Amino acid sequence: MANKTTDVFICGVGGQGILLASEILSDVALAKGLDIKKSEVHGMAQRGGSVVSHVRFGETIYSPVIAEGEADILASFEKMEALRWIQFVKPGGKVIVNSQEIVPSGMETYPPAIDRKITERVPDTMFIDALKLAKEAGHLRAVNIVMLGAFSHFLGFSEDEWKSAIKARVPEKTIEINLKAFELGRAAVSG
Amino acid sequence: MRVLLSGNEAVARGCYEHGVKVATAYPGTPSTEILENVVKYKDDIYCQWSPNEKVAFEVAMGASFGGVRTLVAMKHVGLNVAADPLMTSTSVGGDGGFVIVTADDPGMHSSQNEQDNRYYAKFAKIPLIEPSDSQEVLDFLGTAYEISEQFGTPVLFRLTTRLSHAKTPVEMGTRTEVAQKEYVKDTSFRVVIPAHARKLHVKVEKRLESIREYAETSPLNKVIEGDPKVGVISSGISYQYAHDAFPEATFLKLGLSYPFPIELARKFCARFETVYVVEENEPFIEEFLRYAGITNIIGREKSPACGELNQRIVRDSISGEDTAGEKTSVSPRPPVLCPGCPHRSTFYTLNRLKIGSTSDIGCYTLGVMPPLEGIDTCICMGASIGNSLGMEKAIGKEFAKKMVAVIGDSTFVHSGMTGLADVAYNKGATTVIVVDNSITAMTGHQDHAGTGTTLMGESTTKLDYIKLAESVGVKDARRVNAFDMEAVKTAIKEATGSDEATLLVMEGPCALQARSQWGPALVVDSEMCTACGLCLRLGCPAISKDENGKATINPLFCVGEFCSMCAQVCPVDCIAVPDKS
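Chains as they are written, first to last, in my numbering: chain A, 1 to 191; chain B, 1001 to 1581.
Please keep in mind that the hints were generated in silico from the structure rather than gathered at the bench.
One thing to keep in mind: the hints can contain errors.
[Unchecked claim] Negatives, chain B to chain A, calculated, CB over 10 Å:
| id | residue |
| --- | --- |
| 1 | ARG1002 |
| 2 | THR1168 |
| 3 | TYR1241 |
| 4 | THR1461 |
| 5 | ARG1479 |
| 6 | THR1496 |
| 7 | THR1530 |
[Claimed, not checked] Derived pair list, reagent style BS3-like, types lysine-lysine, alpha-carbon separation capped at 30 Å:
| id | chain 1 | residue 1 | chain 2 | residue 2 |
| --- | --- | --- | --- | --- |
| 8 | A | LYS4 | B | LYS1229 |
| 9 | A | LYS173 | B | LYS1040 |
| 10 | B | LYS1125 | B | LYS1222 |
| 11 | A | LYS117 | A | LYS132 |
| 12 | A | LYS4 | B | LYS1327 |
| 13 | A | LYS132 | B | LYS1545 |
| 14 | B | LYS1475 | B | LYS1462 |
Just so it is clear, the structure is predicted and the values come from calculations on it, not from any experiment.
C-beta: ideal position from N, C-alpha, C; glycine also.
Throw the hints in and build the complete structure from the sequences for me.
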């Protein structure tokens, strides 16, 4: 991977734990001795808003943001959000989507045909039911770690490296649930 | 130790390592986390939130007079508020090193404009330092203090949103203490009466020339060799975008960009047929080049004036292509007032009473969104009160019955107090509503002079809005429970019905800070619900319509009896706490 930059674009809805997932990814890359930049924007009341985190790692990283057409992986914690940011995926890139639907405030129903619109743009798209897997792991809030497990499969670090980063970041009493969530997410895309 | 730090965290770490002893600020995105992280070093650094950026600046300046290294931090528009001391502090800085951090917001992620504060350095005739990642933030801050002390000048240290909030690896060091200089009275530069100021201006001009000579060879300004045919000049975060856009190019990377190192730039430009100048927002560097008669450059003519850059935009602007890719049309997810927000009752009531508002900067600005649509104007911190009074003077006293000023508690302390005095003094009939959640909520819950706690966590005196109003001459000033819809309505009706100025303080804690008070979600009895839609007019994200047009409450969002505004506005009492059985 020398001199190659890996760009992971993580998006979803405020409150889904996107920033924690990107922190863990950054920790893994940093521990590996790689250069890493991670960018997101704080400020406006994020609750219920669209949230984005850019993570870039490799030998030397310059820009802290991923530009349109550059992301190796777009991991979306919500379905419609994948479509909102789809232009950031590079040609031949991969999309991993939590099939959960969160209706935006002010809208009455969820718009139709989102799945089809995503796969039309990026054929290499995998849908996983992260909410169901999180529940199976022991808590609905573990959606973010299920998603981390899913995209981790394509990033080349060892399972141990991911797990020790998770252990260092999550509250102690949730470690077991989160490790389970990670495994379920990883298994969901590797089968 | 190598760790990931945001630019803001790196400023705080820099304060620690470079021996800073006093740091001040007023919170404002994207600068807020600087002081929130400085407070982690409170055993070594005194730090405080000030009521506004002007006061923060003046406290920092005083600390510099006191002989210690000092930092003041603010967002870009905050420097407008502090511009008065800034413009005259140019002769200050020789005592204890003095650094002003401005965090600009290209792309306006959470700001009302995208002004490029590099021009303030030129305007105030002080050096400008532009780091481009967190390691440079930490390192360049040390250089900033050296320059400040060596040349006797404040230094402007410029971040932008993507520097402030991006995390990049930093090698941390240890703290170096810097000896405090003894205070010795010297009016020649601390009292700027005209006789002194005339001499000081001459000194400032000479000093600028000395710093320019320093900048010509400063390691902060460097040539990074690459393709001998492609030359690029850039600074700050723009350098990173430019490097990704032209990875093979030869760069002149400027970290100390004012006073502008023109000879270094001239020599660089002479090596190339064409030099690209990559800058976000304003052509600050380009103007120095053109003024010096350097014409083989391409800058603003190709690059956008509006919004943030990224590597794709830099590449496209020069190639003339558009590789942005097609955006898919997706329903927006704008931020809205949170479920349980105490500000909701004010805007709902104004909307029902058909009263407009001049408003201000804070979470409550979200009251402009449908269905509340309760805001007519919002310009800058504190403008609400003056705007209301001005409209009343232009349109007539009766207009004050149809237009109130709405301002948050922190913004009121920042710059609403003088507006209130103006209303009383100039006999306005203005109704001023302070929506008081007792915290600076928008920027992530910082204390201020009205909350009773300092940044360093000590209990302190608490500003009393009612006594303040009475003392400036507003006779009718009252507190209202923001969660009592009837009380809010009565208060607004009475205040706007009166011919005299009124202050209403709508009290209710920020819902995000009152999680312990949240109760089980309210439920709608759908048999009783008449689908009248009144509760939907609250614009609460927890309430939506079901397939029959009746109200339904999302139990994941609703904060229960803590708020219960919907239950209060329901004309048939069909919203209630769930039956325990």
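Status of each hint after checking the structure:
{"no.": "1", "hint": "ARG1002", "verdict": "7 Å, violated"}
{"no.": "2", "hint": "THR1168", "verdict": "5 Å, violated"}
{"no.": "3", "hint": "TYR1241", "verdict": "5 Å, violated"}
{"no.": "4", "hint": "THR1461", "verdict": "29 Å, holds"}
{"no.": "5", "hint": "ARG1479", "verdict": "25 Å, holds"}
{"no.": "6", "hint": "THR1496", "verdict": "28 Å, holds"}
{"no.": "7", "hint": "THR1530", "verdict": "18 Å, holds"}
{"no.": "8", "hint": "A/LYS4 / B/LYS1229", "verdict": "24 Å, holds"}
{"no.": "9", "hint": "A/LYS173 / B/LYS1040", "verdict": "26 Å, holds"}
{"no.": "10", "hint": "B/LYS1125 / B/LYS1222", "verdict": "23 Å, holds"}
{"no.": "11", "hint": "A/LYS117 / A/LYS132", "verdict": "23 Å, holds"}
{"no.": "12", "hint": "A/LYS4 / B/LYS1327", "verdict": "27 Å, holds"}
{"no.": "13", "hint": "A/LYS132 / B/LYS1545", "verdict": "26 Å, holds"}
{"no.": "14", "hint": "B/LYS1475 / B/LYS1462", "verdict": "21 Å, holds"}
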